[in-house]
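Work out the full structure: start from the sequences and follow the hints.
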Amino acid sequence: MISLNINQKEYQIDVNPDMPLLWAIRDIVGLTGTKYGCGVAQCGACVVLMNGQAVRSCVTKVSRAEGQKIVTIEGLSENNKHPLQLAWQEIDVPQCGYCQSGQLLSAAVLLRENPNPTDQDIDDAMAGNICRCGTYLRIRKAIHRAAEIQQKGIKNG
Amino acid sequence: MKHFAANRMRYFLPVKTIIIITTIVSIIGIMTTAFKSKTIFPIDHAKYLDKNKDSIESVQAFMKVYKVLMSPRCVNCHPAGDVPLQGDDSHLHTMFPKRGVDGKGLYAMKCANCHQPTNTAGLHTPPGNPNWHLPSADMKMVFQGRTAHQLAKQLSDPKQNGFKNKEQLISHASDQLVMSAWNPGEGRSLPPMSHGEFKKAWVTWINKGAYVPK
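Sequence lines, in order, name chains A and B. Note that our numbering numbers the first sequence so that position 59 is 59, with each residue one more than the last. So the mapping is simple: our numbering equals the position in the second sequence, first residue as 1, plus 1000.
A hint or two may mislead.
[Said to hold, decoys possible] No more than 30 Å apart at the CA atoms, straight line, and that leaves these computed lysine-lysine pairs for DSS-like:
{"id": "1", "chain 1": "B", "residue 1": "Lys1199", "chain 2": "B", "residue 2": "Lys1159"}
{"id": "2", "chain 1": "B", "residue 1": "Lys1214", "chain 2": "B", "residue 2": "Lys1153"}
{"id": "3", "chain 1": "A", "residue 1": "Lys141", "chain 2": "B", "residue 2": "Lys1104"}
{"id": "4", "chain 1": "B", "residue 1": "Lys1140", "chain 2": "B", "residue 2": "Lys1153"}
{"id": "5", "chain 1": "B", "residue 1": "Lys1214", "chain 2": "B", "residue 2": "Lys1164"}
{"id": "6", "chain 1": "A", "residue 1": "Lys69", "chain 2": "B", "residue 2": "Lys1104"}
{"id": "7", "chain 1": "A", "residue 1": "Lys81", "chain 2": "A", "residue 2": "Lys155"}
{"id": "8", "chain 1": "B", "residue 1": "Lys1166", "chain 2": "B", "residue 2": "Lys1200"}
{"id": "9", "chain 1": "B", "residue 1": "Lys1104", "chain 2": "A", "residue 2": "Lys61"}
[Stated by the list, open to error] FRET-style restraints, in silico, Cβ to Cβ:
{"id": "10", "chain 1": "A", "residue 1": "Lys9", "chain 2": "B", "residue 2": "His1124", "range": "31 to 41 Å"}
{"id": "11", "chain 1": "B", "residue 1": "Gln1160", "chain 2": "A", "residue 2": "Thr32", "range": "48 to 58 Å"}
{"id": "12", "chain 1": "A", "residue 1": "Thr32", "chain 2": "B", "residue 2": "Met1063", "range": "52 to 62 Å"}
{"id": "13", "chain 1": "A", "residue 1": "Arg132", "chain 2": "B", "residue 2": "Gln1060", "range": "35 to 45 Å"}
Think of the hints as simulated: they come from the structure by calculation, not from any bench. Positions of the beta carbon are idealized from the N, C-alpha and C atoms, including for glycine.
Shown next as structure tokens:
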């Protein structure tokens, strides 16, 4: 049995340790917000946070995730009030939405490490997340907006 | 007066000239001591008496080392810029991950986000190693574009080779990340010689004096 800590809950799953984490999250645990896009770590749709880092769950084995803190899109916030989620709603970023889980979690790492990112910082952080619908302009705008919301939240306490 | 002048002529010493010439020669002599070799092997006369050192064998060994270090498996992670290279044609890594300060990438594009502790199976998947990274920004250890002369000088200079001394330089050939070049994953060519041959050439180059090709 392998123990996974996902969104602050423990799950005991009986799987091959070499199973991709993405499969375990979607098919075993049932959290389907994380998507399968390419299976070879080239699109970013499968990004989840592992100990705060944006790993690609399609190539990450369950054995690597055991005992680590995993956060999926479902666990980004308690009540969808993360600054990024607020900004994404305000600017109406998604079209089909398929890539957006990965986009949000990658952006979450960016904003945590750089609360006031420049356009170049956004390029550096987000270049690995592909959007077939082309929502890049709104993603960039929403990240800037989320940074503002985050700063205001800090100021207001 | 005439007698005194004649005596002065017989015992003439150009004192001022001698002082000036001595001063100039001294300054030149002091300046030449500034030309020091900054390799791991300080140049001294003992070198010429050391039977172990052999400039010809050392340089011949380095030319073998150079072939390996300039192969894609090595150059790809020792790029001139801040984006790693990828593939047998050493194109810029897709998605343009950046080196970052510590060589481990930036934000959601850190090396270990995609590169797992072991190779991922299949074509066009990330090769793996527990310590996947580029050299840090303050010690880039660039191979891309280097001539044999430049690379040998760089490798034997502790200020450019990650502060390695002779022993550390020798053992670096068996570093796990270095050795992963010989297990690169599907679809990637191997370096032009076996690891054993490479290590032999590497150790020979160093032990025979780490001579720099012209």
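Hint check:
A hinted pair counts as satisfied when its Cα atoms are at most 30 Å apart, and B/Lys1199 with B/Lys1159 qualifies at roughly 23 Å. Only pairs whose Cα atoms come within 30 Å are accepted, and B/Lys1214 paired with B/Lys1153 is accepted, the gap being roughly 10 Å. For the proposed pair A/Lys141 and B/Lys1104, the alpha carbon gap of about 27 Å is at most 30 Å, so the pair holds. Note on B/Lys1140 and B/Lys1153: the hinted pairing holds, with a Cα-Cα distance of about 15 Å set against a maximum of 30 Å.
With a CA separation close to 23 Å, the supplied pair B/Lys1214 and B/Lys1164 stays within the 30 Å bound. At roughly 21 Å between alpha-carbon atoms, A/Lys69 and B/Lys1104 fall within 30 Å of each other, so this suggested pair holds. This hinted pair checks out: A/Lys81 and A/Lys155 have alpha carbons roughly 17 Å apart, not beyond 30 Å. At most 30 Å may separate the alpha-carbon atoms for a hinted pair to count; B/Lys1166 and B/Lys1200 meet this at roughly 15 Å.
With a C-alpha separation of about 20 Å, the suggested pair B/Lys1104 and A/Lys61 falls inside the 30 Å cut-off, and the hint holds. At roughly 34 Å, the beta-carbon separation of A/Lys9 and B/His1124 lies within the given 31 to 41 Å, and the hint holds. Distance hint check for B/Gln1160 and A/Thr32: the Cβ-Cβ separation is about 51 Å, which falls inside the suggested range of 48 to 58 Å. The hinted range of 52 to 62 Å is satisfied by A/Thr32 and B/Met1063, whose Cβ atoms lie roughly 57 Å apart.
At roughly 54 Å, the beta carbons of A/Arg132 and B/Gln1060 sit outside the given window of 35 to 45 Å.
Consistency with the previously given hints fails for number 13 only.
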